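S.K.: Sequence:
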Amino acid sequence: MTHKTGLTAQRTRAAWAFVAPMLLVLAAVALYPLARTVWFGFTDASLNDLDGARWIGIRNYLEWLDYGNGQGEWLGLLADDRWWRAVWNTLKFAFVSVFFETLFGLIIALVLNAQFPGRAIVRTAVLVPWAIPTVVSAKLWGWMLHDQFGIINDMLMTIGLISAPIAWTASPDTAMAAVMMVDIWKTTPFMALLILAGLQMIPNDIYEAAKLDGIGPVRVFRRVTLPLVMPALLVGVVFRALDALRVFDIVYVLTPNTDTTRTMSLYARENLFDYDKFAYGSAASTLLFLIVALITITFIYATRMDLEGKEDS
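Numbering (our numbering), first residue to last: 1177 to 1489.
Treat the hints as calculated values from the structure; they're not laboratory data. Among the hints, a few may not be true.
[Claimed, not checked] Using C-beta positions, here's what the derived DEER-type ranges look like:
# : residue 1 : residue 2 : range
1 : 1376      : 1337      : 33 to 43 Å
2 : 1182      : 1261      : 55 to 65 Å
3 : 1192      : 1311      : 36 to 46 Å
[What the hints assert, rightly or not] Using 20 Å as the maximum straight-line C-alpha spacing, the simulated EDC-like pairs for lysine to aspartate or glutamate come out as follows:
#  : residue 1 : residue 2
4  : 1453      : 1239
5  : 1387      : 1227
6  : 1268      : 1239
7  : 1453      : 1225
8  : 1268      : 1257
9  : 1268      : 1435
10 : 1453      : 1227
For clarity, every value in this text was computed on a predicted model and none was experimentally measured. Virtual Cβ for every residue (Gly too), placed ideally from N, Cα, C.
Throw the hints in and build the complete structure from the sequences for me.
M.R.: This is the structure in structure tokens:
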């Protein structure tokens, strides 16, 4: 017993020795900037004078402005309608995009897991959208969705689905849908790859036994495939949700910065640099971090998965 305890302690020390350099680098490049951002959110910092920032408490988040005649109004981030619109846009984008990426990724993974000629070529081709940089994808789709010479409008008009060109990325009615479509096209291969890795971990003996028992393919999928691939699927959902909640580049490049498509990241960037409201933008960045962390932790606990994607017993 003593020997095992000593061996465990030795392994623990060795593990910390290997992990320590990574933790130090992570603290330098992530923890310190995060702490500075949180600090600036409680100050009156300006982009031109960060060192002269003064502590003002929670005024960037919420402040009551008294007009002196018994009336007043709430100011600050938590009373800003544009901020809450950005929060709603981000949550809507994340939910819809991740849902369809998971659905299409599962379908593609099931197809790629089957045996058919040319499967290796198809697997490689499926990964092409994911391999293209996001900015390049956004510019590519921006040209394709252009209302004057975009191929999407030309195709839809040719088959009679629309009678006039649509400004997909500029119209308030279609801009968010266009962004979601491009994101789904680009990131579905990522989900398919993760789910495919989970599918290939399932022993073939299970399917052979189900076939001998005369169980249909739909029931096999519901009772065997889906439960066994669920850990990999949930890990993919967590990763994609983290990215979707922090979405910036695809919206920034593809659409104008309007209330229809403005996300939390765009709102924070807009105040940090465009309006030179550095402290206000830092407060928005802090709330963005807290919202993403809260949603992620809630999802992990709700699905009873650990950080390795395994379900608790």
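S.K.: With reference to the structure, classify each hint as holding or not holding.
M.R.: Going through the hints against the structure:
1. 1376 x 1337: 33 to 43 Å: holds (39 Å)
2. 1182 x 1261: 55 to 65 Å: With a Cβ separation near 59 Å, residue 1182 and residue 1261 satisfy 55 to 65 Å, so the hint holds.
3. 1192 x 1311: 36 to 46 Å: holds (39 Å)
4. 1453 x 1239: Between residue 1453 and residue 1239 the Cα gap is close to 16 Å, so the pair holds against 20 Å.
5. 1387 x 1227: violated (70 Å)
6. 1268 x 1239: Violated: residue 1268 and residue 1239 sit about 28 Å apart, past 20 Å.
7. 1453 x 1225: Holds, at about 11 Å.
8. 1268 x 1257: holds (16 Å)
9. 1268 x 1435: holds (13 Å)
10. 1453 x 1227: holds (15 Å)
Comparing the model with each earlier hint shows violations of hints 5, 6; every other hint is respected.
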